[in-house]
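Engineer: Sequence:
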Amino acid sequence: MKSSLRRLLGLPSAALLVATAACSAPGAQAGPAVPAPPERQAGLCRALHKELPRAVDGLERRTVEPVSDLTAVWGDDPSVSLRCGVRKPGLLKRNPATDSMDIDEVGWLPEKQPDGSVRCTTVRREAWVEVTLPKKVVGEGGDLSALTDLSGAVLKTIPEGIIS
Numbered sequence: 010m011k012s013s014l015r016r017l018l019g020l021p022s023a024a025l026l027v028a029t030a031a032c033s034a035p036g037a038q039a040g041p042a043v044p045a046p047p048e049r050q051a052g053l054c055r056a057l058h059k060e061l062p063r064a065v066d067g068l069e070r071r072t073v074e075p076v077s078d079l080t081a082v083w084g085d086d087p088s089v090s091l092r093c094g095v096r097k098p099g100l101l102k103r104n105p106a107t108d109s110m111d112i113d114e115v116g117w118l119p120e121k122q123p124d125g126s127v128r129c130t131t132v133r134r135e136a137w138v139e140v141t142l143p144k145k146v147v148g149e150g151g152d153l154s155a156l157t158d159l160s161g162a163v164l165k166t167i168p169e170g171i172i173s
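Take the sequence shown: its letters are residues 10 to 173, numbered as in our numbering.
Think of the hints as simulated: they come from the structure by calculation, not from any bench.
Treat each hint with caution, since some may be false.
Below are the DSS-like pairs computed for lysine-lysine, each with C-alpha atoms no more than 30 Å apart in a straight line [what the hints assert, rightly or not]:
hint	residue 1	residue 2
1	K97	K165
2	K165	K102
3	K144	K102
4	K59	K145
5	K145	K165
6	K121	K97
7	K59	K121
8	K145	K97
9	K59	K144
10	K97	K59
11	K59	K165
12	K144	K165
13	K121	K165
14	K121	K102
15	K121	K145
16	K102	K145
17	K144	K121
18	K97	K144
Owing to the predicted nature of the structure, the values given are computational and were not obtained by experimental measurement.
Produce the entire structure from the sequences given, and follow the hints as far as they go.
Structural biologist: Pasting the structure below:
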């Protein structure tokens, strides 16, 4: 009798699991983690979001979950992703004199990641903007030219300044 009862009680759980899996879009990708910046920075990030381009390095912008004014994604998995209002990069905390590079008047700090992607974070701006360029975009040579598509929006909406 116990095993019959277990089978009956387990049936709704199994049905719920199947129904939940069926409702998920096949191949749906979760977006980048949404930062939680202070309100001033969040306002700057919302302004940036409105100015972001439709394409980066020829990759079209798309919607992912969760939808947020603090994140954006271009292309398929792996995609170019942007997060605005992130914390100061650890590399700058450890070594404030770390060299950055200017691309179209915006300073970027590139950090190669173990998977071959490159995470680039703005410097000398009133909000930290982090862009991750997948290996398929940067290639073996570390080509960061995709940032030219984003620098104009950053320049227009995130003022120069120092934040901690």
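Engineer: Each hint: holds or not?
Structural biologist: Hints and how they fare:
With a C-alpha separation of about 21 Å, the suggested pairing of K97 with K165 holds against the 30 Å cut-off. As the CA atoms of K165 and K102 are separated by approximately 26 Å, the hinted pair is consistent with the 30 Å bound. Restraint check for K144 and K102: satisfied, since their Cα atoms lie roughly 26 Å apart, inside the 30 Å limit. A distance of roughly 26 Å separates the Cα atoms of K59 and K145; the hinted pair therefore holds under the 30 Å criterion.
Between K145 and K165, the direct Cα distance comes to roughly 28 Å. Compliance with the 30 Å bound is thereby established for this hinted pair. Between K121 and K97, the direct Cα distance comes to roughly 16 Å. Compliance with the 30 Å bound is thereby established for this hinted pair. As the CA atoms of K59 and K121 are separated by approximately 28 Å, the hinted pair is consistent with the 30 Å bound. Among the hinted pairs, K145 with K97 is consistent with the structure: their alpha-carbon atoms are about 26 Å apart, no more than 30 Å.
Using a Cα cut-off of 30 Å, the hinted pair K59 and K144 holds, with the two alpha carbons roughly 27 Å apart. For the given pair, K97 sits about 23 Å from K59 by alpha-carbon distance, which is consistent with the 30 Å threshold. Note on K59 and K165: the hinted pairing holds, with a Cα-Cα distance of about 11 Å set against a maximum of 30 Å. With a C-alpha separation of about 28 Å, the suggested pairing of K144 with K165 holds against the 30 Å cut-off.
Pair hint K121 plus K165 holds up; C-alpha atoms about 27 Å apart against a cutoff of 30 Å. Between K121 and K102 the alpha-carbon distance is near 17 Å, which keeps this suggested pair within the 30 Å criterion. Between K121 and K145 the alpha-carbon distance is near 13 Å, which keeps this suggested pair within the 30 Å criterion. Only pairs whose Cα atoms come within 30 Å are accepted, and K102 paired with K145 is accepted, the gap being roughly 29 Å.
The straight-line distance between the Cα atoms of K144 and K121 is roughly 10 Å, inside the 30 Å bound, and the hint therefore holds. With a CA separation close to 23 Å, the supplied pair K97 and K144 stays within the 30 Å bound.
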